[in-house]
Every structure is written in structure tokens, then in C-alpha cells.
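Listed below are the residues making up each chain.
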Amino acid sequence: MASIKAIINGKSITAESGMTILQAARANGIHIPTLCDHPALSPFGACRICLVEAEKNPKLLTSCTTPITEGMIVHTNTPRVIEARKAVLELILVRHPLECFSCASNGKCELQDVAYELGVKDSRFADPGDTNTSHKLEDANPFYVRDLNKCILCGRCVRVCEEHAIYHAIDFQGRGIHTSIQPPVGSPIEESDCVFCGQCVQVCPVGALFEKTAAGQGRPWDLEKVKTVCSYCGVGCELEVNVNKKTGKIANVTTNYSSPTALNKGRSCVKGRFAWQFVHSEDRLTTPLIREGDTFRKASWDEALSLVAEKLGEVKTKHGSDALGFFSSARCTNEENYLMQRLAREVMGTNNVDHCAHL
Amino acid sequence: MALYRAHVLICHGTGCASGGAPKVLEAFKEELAKKGLEKEILVIATGCHGMCEFGPIVVVYPEGTFYSQVKPSDVAEIVEEHLYKGRIVTRLLYKEPLSAQKVCHYKDIPFYGKQHRIVLSNCGYINPDNIDEYISRDGYQALGKCLVEMTPAAVIDEMKKSGLRGRGGGGFPTGMKWGFCAASPGDKKYVICNADEGDPGAFMDRSILEGDPHAVIEGMMIGGYAMGADEGYIYCRAEYPLAIKRLQTAIKNATEYGLLGEDILGTGFNFTLHIKEGAGAFVCGEETALMASIEGQRGMPRARPPFPAVKGLWGKPTNINNVETWANVPRIIVQGAECFAAMGTEKSKGTKVFALTGKVKNTGLVEVPMGITIREIVFEIGGGIIGDKKFKAVQIGGPSGGCLVDEHLDLAVDYESLTAAGAIMGSGGLVVLDEGNCMVDTAKFFLEFTQRESCGKCVPCREGTKKMLDILTRITEGKGVPEDIDRLLYLGNQIKDASLCALGGTAPNPVLTTLKYFRHEYEAHIFDKKCPAGVCQSLLRYSINTEKCIGCTKCARNCPVSCISGKVKEPHVIDQDKCIKCGACMDNCPVGAVVKG
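So the protein lines, in turn, are chains Z and C. Going by my numbering, the first sequence opens with residue 1, and the numbers climb by one from there. Going by my numbering, the second sequence opens with residue 1, and the numbers climb by one from there.
One thing to keep in mind: the hints can contain errors.
[Stated by the list, open to error] Here are the computed lysine-lysine pairs in the DSSO-like style, where the Cα-Cα straight-line distance is at most 27 Å: (1) 95(C) <-> 23(C); (2) 86(Z) <-> 516(C); (3) 121(Z) <-> 86(Z); (4) 496(C) <-> 86(Z); (5) 276(C) <-> 311(C); (6) 23(C) <-> 34(C); (7) 59(Z) <-> 85(C); (8) 389(C) <-> 581(C); (9) 59(Z) <-> 347(C); (10) 569(C) <-> 529(C); (11) 390(C) <-> 516(C); (12) 121(Z) <-> 496(C); (13) 95(C) <-> 85(C); (14) 479(C) <-> 59(Z); (15) 59(Z) <-> 160(C); (16) 311(C) <-> 95(C); (17) 160(C) <-> 56(Z); (18) 56(Z) <-> 245(C); (19) 496(C) <-> 59(Z); (20) 389(C) <-> 596(C); (21) 5(Z) <-> 311(C); (22) 59(Z) <-> 516(C); (23) 56(Z) <-> 347(C); (24) 390(C) <-> 529(C); (25) 529(C) <-> 516(C); (26) 56(Z) <-> 311(C); (27) 581(C) <-> 390(C); (28) 114(C) <-> 23(C); (29) 121(Z) <-> 479(C); (30) 160(C) <-> 145(C); (31) 276(C) <-> 245(C).
[Unchecked claim] Quick look at which bits of chain Z chain C covers, simulated, 3 or more residues with Cβ under 8 Å: (32) 92-101; (33) 174-182.
Hints are computed from structural coordinates only; laboratory data are not their basis. Yeah, the Cβ is synthetic: ideal placement off N, Cα and C, and Gly gets one too.
All chains should be modelled from the sequences, with the hints used to inform the complete structure.
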């Protein structure tokens with residue numbers, strides 16, 4: 001990659017050819033506020049929060065879409081830029097419900113962050129009755145809630161659905177002030193192509209999309225991210241389980257689009273993201289059980305494994321190796337399945353190996 | 001071609017066609033057959049003459065006699081008197097508003113006198129569905145010249161020399177734009193014709209497509225040759241069914257003649273042309289939204305760069321020009337760049353077609369040389385203000401434009417002068433306003449339009465135009481507050497500065513220019529709760545002058561909400577609480593006792 005020299009806020013920087021002004025600024029530790037931008041998504045240029053000024057260019061430029069060029073002199077915080085950002089922000093706040101107290105995104109809301117940074121409390125232009133109430137809360141599915149009144153139309157959900165989930169289940173609909181994010185005309189999200197992978201929920205910068213399961217489970221600052229591998233199938237998606245430090249319980253599951261170790265690159269499926277309730281289920285088995293007559297008794301792993309080894313040995317001695325079969329699971333990783341077939345073939349001496357994905 | 005002693009040209013533009021031109025044409029055919037004249041006189045359906053208000057228009061050649069508002073029932077008389085006996089039917093001639101004289105010949109009508117019809121030279125003169133008529137007027141000569149005698153670079157050079165600038169509103173030098181696309185690497189390129197004309201009241205492009213579709217096709221092919229594109233799209237709004245039909249016929253005929261397709265004129269040049277119908281979104285006139293729409297995506301603008309010349313339709317280098325720009329191309333090639341550049345001002349060459357509407361006596365389509373003054377357009381071509389009322393302003397450039405006032409009447413119209421005055425050339429809408437127009441209401445009208453047509457992508461345009469509209473609405477309802485003027489100015493300037501595309505970037509113009517020139521009208525609405533022009537309903541008050549009232553009861557009888565009381569032969573009174581300000585009392589009062597104010 002060719003290297004480019006430019007100046008941002010008086011500081012000489014180098015950037016790679018093809019970088020946007022925003023990327024170049026970030027790579028050099030210069031902060032530019034954003035809303036519609038997301039590092040994992042294609043640039044969109046819709047929110048206009050990241051506007052900057054470049055010398056010799058009469059127009060304000062969206063730093064998220066404009067490539068940085070050799071010798072460019074960029075200013076990210078001139079009075080003109082700050083005023084434009086404030087105007088844009090205050091225009092968003094005209095209709096955005098200021099329900100931060102009860103909002104699921106309080107504390108991680110990027111709109112809050114931008115307002116805080118620009119010192120904007122509310123909108124000079126908001127008149128009584130302007131707050132958006134035109135959309136009904138959509139919570140018919142068990143996974144996430146859509147509160148379109150809070151939607152700022154940044155288009156992140158549309159882009160993540162198209163670029164990462166590859167479903168394109170939702171898009172912009174309507175025009176002007178009636179624009180909203182919807183599945184194809186007239187159908188509810190539950191009857192659309194949506195597979196409820198929940199990536200839209202994760203990238204939503206505000207509280208327009210939130211996990212139903214996370215309600216009341218903890219504020220963002222209560223949560224600790226625990227990196228793990230999803231146990232649902234053999235793909236091995238990397239997940240972040242967000243555990244409430246106070247209660248020790250899971251609040252929600254997210255992914256990391258920039259994790260170098262994540263082979264799923266931030267993608268998830270409905271199970272990985274939403275089906276974790278079994279973790280805290282009272283019915284969940286946490287110790288091995290040994291059958292004695294009609295009842296089970298709790299046992300230690302050592303005891304249980306010894307018993308299994310003993311019984312398998314008995315069967316092998318009495319009936320031969322092929323009297324045994326080993327049945328594994330598609331929920332195990334490749335490595336686990338590999339180890340199991342080695343156990344079957346090398347230790348027990350049988351090729352009777354199968355798994356549940358055949359069913 | 002057979003020879004005829006006379007030609008009857010019947011305008012079949014959208015205006016005249018909806019006014020009954022096809023029936024007039026049928027009547028002519030019948031009458032001529034009756035008289036046995038069908039082999040002597042040819043009846044032709046043509047494109048638009050521009051004077052749509054006076055349609056259906058019939059022009060009889062060789063004299064060029066101009067009949068206006070012709071009905072099927074008039075046809076027998078024209079055939080009998082004019083075509084059979086050689087006597088002009090005076091009662092059907094156009095009456096010139098300034099002198100109140102009947103004008104016999106096309107060329108003597110002042111509406112056309114000041115015009116310089118180059119792009120529109122074939123409109124109203126040839127049958128747009130007949131490719132032979134186009135060819136007989138030097139059609140496809142420019143294409144032949146380019147393909148046989150000129151290199152692509154020479155064509156671009158010629159365009160640069162002509163000084164032609166984009167007629168869609170931006171005014172970017174066409175030759176330079178072609179040069180960018182030609183220089184852009186890629187083995188597949190596209191040319192696009194933007195025919196998504198959407199400004200309220202504008203119909204320049206429609207008339208060109210309806211009246212001279214081959215000119216646009218030829219222009220695009222020349223562009224395709226110059227830039228190395230072998231495929232073109234005409235993006236035409238679906239609300240122009242006649243234009244689409246004529247384009248389809250034109251493409252079919254040109255293909256049959258080997259003028260479209262492969263190895264055109266034996267030169268190895270290939271070019272195919274598609275029509276893509278729009279789906280009713282104004283914003284699709286914005287080039288990046290237009291391309292998204294052709295690709296089957298939602299018509300939403302995207303950020304530039306990359307510019308279409310580098311990464312356009314389906315990611316390929318693409319050049320987009322509007323209808324009028326493309327239609328200029330063959331003329332420039334045939335007549336030479338110098339000839340074109342001789343017209344106009346220093347930086348704006350050639351002519352511009354305007355849709356002249358509003359409070360002028362002659363409304364319609366006018367093509368004038370750049371550099372003409374607004375006074376000439378309004379008072380000479382337009383014939384002045386209807387009812388000889390006082391001129392107030394012209395709104396130039398549609399919803400993206402601004403208003404100009406008295407002091408600009410002698411302004412020489414070109415891209416720079418209009419921009420400097422706060423308006424824009426735009427696509428060429430020109431609405432004349434008189435003292436009866438409220439400027440706040442006018443600004444509100446345009447903002448309603450832009451808000452409705454905003455694609456909703458970027459915040460300033462989506463939210464900002466709505467807020468400006470809210471403020472304007474409350475001002476016109478008498479609920480404005482003193483801070484509203486500053487709010488409008490602030491929002492207007494910020495929306496201009498921060499919007500993604502030209503729709504948002506220009507949407508505040510009507511508000512900002514009316515605030516600049518008519519701030520006192522805003523103040524009258526806000527502080528005095530009065531609409532000086534008497535337009536804003538909420539601020540109107542009807543009352544009865546008791547001295548004039550004769551007690552005829554006519555007002556009371558015509559009031560739809562029965563809010564007028566009074567005894568017979570005694571003065572009547574309007575109950576202001578109940579009055580809905582419909583004005584029926586005023587319209588019906590025989591003695592002018594009802595006062596509005």
C-alpha cells in the first residue's frame with residue numbers, strides 16, 4: 001500500500017492509500033465523532049456528524065466517505081464544523097424520544113456520547129408534540145424488540161443485514177419524514193426474510209433495537225465481556241458473553257467484528273446470540289448422574305468416567321469391539337469429534353462412528 | 001417523399017394532446033378526404049410548440065399560419081376557408097396580449113420573436129414518430145460526421161470548445177465531464193440520459209423527448225463514441241408516458257435503420273440503448289440515486305467521490321447528462337463549436353429552455369439565448385403580468401432555486417449571475433409571481449415539495465426541511481414567534497452546508513431568498529398577524545362595510561357555514577368565530593361591501 005502524507009488539525013500524519021479521512025484520523029489517534037459509521041460496515045455518509053473541513057474545498061466533507069489524498073489539509077473541529085454537527089445533532093433530537101432513564105441502551109448509546117461530546121442537552125428546534133410516537137413497539141418475536149420511534153435512520157442495521165448476514169431482510173422505506181427501516185412492504189419482521197441473527201441489534205447505535213432477553217439483566221457498565229466459543233455447532237463462532245458482575249448471570253451475547261481470532265468475523269446465528277437461557281436453567285445437569293435402579297444419583301466426574309470405562313471394557317471383552325458404537329454431536333467442535341473417533345478406532349477398535357447431523 | 005401543396009401541423013405534445021389534438025387531427029383527415037384534398041395536403045402530428053396554454057395548436061404551412069385553441073368543430077371551417085379558398089380564419093388566430101391584435105404568422109408572434117430555438121428547432125416542426133423527417137432536417141448527420149471524420153478526442157475537444165454546460169441544473173462543463181469519463185480506465189462504460197424531470201411546473205425535457213426524441217438518441221450515441229461507451233440508458237420518469245412511447249418508437253426505427261446496434265454506419269461502432277422508467281421519486285433525478293435506481297436499488301444518493309466518471313452504473317465509468325444537454329450535442333457537431341459559442345455570455349454559451357409559468361400572459365416553453373434579461377423573458381416573451389398587476393418576483397430553478405425581484409429584472413441570465421443573486425439556473429423552471437402571491441406561502445409550497453421528496457437518508461434534509469416547514473406553516477397560520485426568522489436562517493444555512501446531495505443542499509433556497517428580499521412579509525405574518533398578499537387563510541378576516549351593504553341577503557344565503565346574519569335591507573354582520581374564510585360572501589356581494597383584510 002502506498003503511503004500518503006496529509007495534515008489533520010495541524011498534525012502531520014501518514015495514511016495508507018485508499019483510507020478515508022476518518023480511518024486516517026483514527027489510525028493517528030485523532031477522534032472524529034460518528035453515528036452512522038461502523039468499522040465493520042461500508043461507509044454510508046448519512047448522519048453527517050463526522051463532517052470535517054478540508055482546505056481548498058468549499059464544501060464540508062463527510063470524513064467517513066471521503067478518501068484522504070496526498071497533501072490534504074483537514075480540520076476536524078473548526079467553528080463551522082462544530083456548528084454543523086450541533087445543528088445535525090439537534091435535528092436528530094427533535095424527534096428522538098429522550099427516555100434515556102429507561103432506555104435499554106443507556107450507557108452505550110452513541111447518540112448520548114455525541115450529545116455529551118458536543119455539550120447538547122436538547123434541541124433548540126423541538127416543539128411540543130415533535131417527539132416521535134408514530135410507531136408502535138414491535139415485540140412479537142421472542143428475540144428482539146423494534147422501537148422505531150428511537151430509530152435515527154443511520155442504516156447500520158440495513159447494511160449489516162446485507163453485508164454480513166447476507167439476507168437483506170430490511171431496507172429504507174417511505175420518504176422524507178416518513179422514512180423508516182422495514183421488511184418488504186406491509187409484512188411484519190416475523191414474516192420477512194429475517195433469521196433473527198441479531199447482528200442488527202448489536203450495531204444499532206441507539207435503543208431502537210434491543211434484546212428482549214437482556215431486559216433488566218444489567219446496565220452496560222455492570223457487564224463483563226467473557227470471550228468464548230459458541231457451543232451450538234461445529235463452526236466455532238467466537239462470542240462475547242456479557243455477564244453481570246453483580247449477579248453472575250448472562251445479560252446478552254454479542255460478537256466482535258474486529259477480533260483477529262474470530263473466524264465468524266462478528267457474525268452470529270439466532271442460537272448463538274439468543275439461545276443461552278439453558279445456562280441458568282434449573283433443569284440443567286451440572287454433575288454426572290449414575291443410574292441405580294429407577295433413580296439417578298449425583299456422582300463425581302472421576303467416578304462417572306471410571307464407570308463408563310469399566311462398562312465399555314466389559315462390552316468389548318464379552319461381545320467384541322463392533323458391539324460398540326460411538327455417537328457424537330454436530331454441536332461439538334471438529335477437534336472434539338476428531339478425538340472421539342480416535343477413541344473409537346484406536347482405543348475401542350471399532351469403526352462404528354456417527355453423529356447427529358445425519359438425522 | 002411525395003410533394004404536398006400545404007402541410008397542416010397539429011401539435012401532439014402532452015398539453016395539446018390532452019386538449020383534444022388527436023380528435024382535431026382525425027377531423028382534418030376526414031374533412032380533407034371529403035374535399036378530396038388528401039393527396040394535396042399532408043396532416044402531421046408534431047411535438048410541442050411551447051405555447052401550451054393556447055393549445056391545441058395548428059400551424060398551416062407554407063405560410064406558417066398559427067391557429068390556437070382549435071377544436072374539432074373548427075376544422076371544417078379551416079379546411080373550407082383556408083385550405084380550399086385560401087382565406088385565413090381570423091377568429092382562430094392568436095391574440096397578442098400587449099397590442100390586443102390578432103397575429104397571423106408564427107414568426108410574428110412576440111412570444112417566439114425573442115426566442116432562439118436551437119434545441120427546440122424540430123419541436124412542433126416534424127413528426128417525432130417519423131425518423132425520415134428527423135433525417136431530412138440534418139438528423140444523424142452529426143453522428144456520421146463523428147464516426148467517419150472525427151476521433152473520439154476530437155469530439156470531446158469540440159464539446160469543450162463549444163462551452164456547453166450541463167442543462168440539468170449543475171452547469172458543469174460538458175466537454176470536461178466527457179473528458180473525465182473518457183480518461184477513466186475500463187473496457188465497459190455507460191452513458192445515461194437523465195430524463196427524470198421533476199421540478200413542479202417544468203416540462204422542458206418532456207417536450208424535447210416528445211417532439212424530437214432522435215436528437216437525444218443521436219446526442220447520446222455521439223457521447224458514447226467519444227467516451228468509449230457502447231451502452232446507454234434513458235432514465236425517464238413514468239409520468240411521461242408519451243415521451244416513453246415516442247422514445248420506444250424512435251429507438252425501434254433507429255435500430256431498423258442500422259443507426260443503433262452493431263457496426264453502425266459500417267464503422268465498427270456499436271451502441272445499444274435502453275429505457276428505464278422511474279417510479280415517481282424526485283430524488284432519482286440526482287445522478288447517484290438515478291444509477292442506484294437503474295441497478296434495482298432504492299433511489300438514494302450516495303457520497304461522491306467516487307464520481308460516476310470513475311465508478312458509476314454497476315461500478316463502471318459512466319457519464320450522465322440531462323435531456324437538453326444531449327439534445328444540444330448534434331447541433332454543436334453539425335453547426336460547429338464556434339457557432340454555438342458565439343451565443344450567450346462569456347461563461348454560459350448557447351441557449352436555455354425555460355418553462356415560463358405563473359402570472360404571465362403567455363405561459364409555456366421558451367428557448368432563449370444565455371444572457372437575455374429577465375425583463376425580456378417576463379415582459380416581452382411572457383407578455384407581462386396577467387391583469388397588468390404589479391410584478392413581484394420570479395422563482396427560478398424550481399424548488400432548488402430562489403426568487404429574484406425588481407432589481408434583478410435587467411440581470412443577464414447565466415449560471416454565474418443567477419447563483420450570485422441567490423437563485424440557480426436549475427433545470428429551467430421560471431415561475432412569475434405578482435403582488436397577489438404571498439412569499440411565505442410560496443416558500444412553504446416549495447418546502448412541502450422537497451420535504452415530501454427527500455429520500456430520508458441524511459439528517460439535515462430529512463429532519464431539517466421538516467422543521468423549516470413546521471416553522472413556515474405556523475407563520476402562515478399566524479402562530480409564528482419572533483425567533484422563527486432566525487431559526488429559519490440558521491437551519492437553512494446549516495442544511496445547505498451539511499446535506500448529502502443537491503436536493504437537501506438547495507432545498508432551503510426558496511426560504512433564504514424570500515427572507516432576503518421579502519423579510520417584511522415574514523414580519524407582517526409574525527408580528528402583525530397579517531398576510532399582506534391576502535393569501536394565508538388563517539390570517540384573513542372578512543367583514544362587511546355597513547355603509548355599503550344594501551341588505552340583499554345574498555352573502556348570508558351563500559355562506560356555507562351560516563355565519564352571516566342580518567335582516568333584509570339592513571346591513572349584515574359576519575360572525576368571526578364561525579367564519580371559515582372561504583370568500584363566498586365576497587364573491588357573491590353585488591355591491592362590493594365585503595372587505596378582505
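Hints, one by one, checked against the model:
no.	hint	verdict
1	95(C) <-> 23(C)	holds, 24 Å
2	86(Z) <-> 516(C)	holds, 25 Å
3	121(Z) <-> 86(Z)	holds, 11 Å
4	496(C) <-> 86(Z)	holds, 14 Å
5	276(C) <-> 311(C)	holds, 20 Å
6	23(C) <-> 34(C)	holds, 16 Å
7	59(Z) <-> 85(C)	violated, 67 Å
8	389(C) <-> 581(C)	holds, 24 Å
9	59(Z) <-> 347(C)	holds, 23 Å
10	569(C) <-> 529(C)	violated, 34 Å
11	390(C) <-> 516(C)	holds, 20 Å
12	121(Z) <-> 496(C)	holds, 24 Å
13	95(C) <-> 85(C)	holds, 23 Å
14	479(C) <-> 59(Z)	violated, 35 Å
15	59(Z) <-> 160(C)	holds, 26 Å
16	311(C) <-> 95(C)	violated, 53 Å
17	160(C) <-> 56(Z)	holds, 25 Å
18	56(Z) <-> 245(C)	violated, 47 Å
19	496(C) <-> 59(Z)	holds, 10 Å
20	389(C) <-> 596(C)	holds, 18 Å
21	5(Z) <-> 311(C)	holds, 25 Å
22	59(Z) <-> 516(C)	holds, 22 Å
23	56(Z) <-> 347(C)	holds, 22 Å
24	390(C) <-> 529(C)	holds, 23 Å
25	529(C) <-> 516(C)	holds, 20 Å
26	56(Z) <-> 311(C)	holds, 24 Å
27	581(C) <-> 390(C)	holds, 25 Å
28	114(C) <-> 23(C)	violated, 32 Å
29	121(Z) <-> 479(C)	holds, 26 Å
30	160(C) <-> 145(C)	holds, 17 Å
31	276(C) <-> 245(C)	holds, 12 Å
32	92-101	holds (count 3)
33	174-182	holds (count 6)
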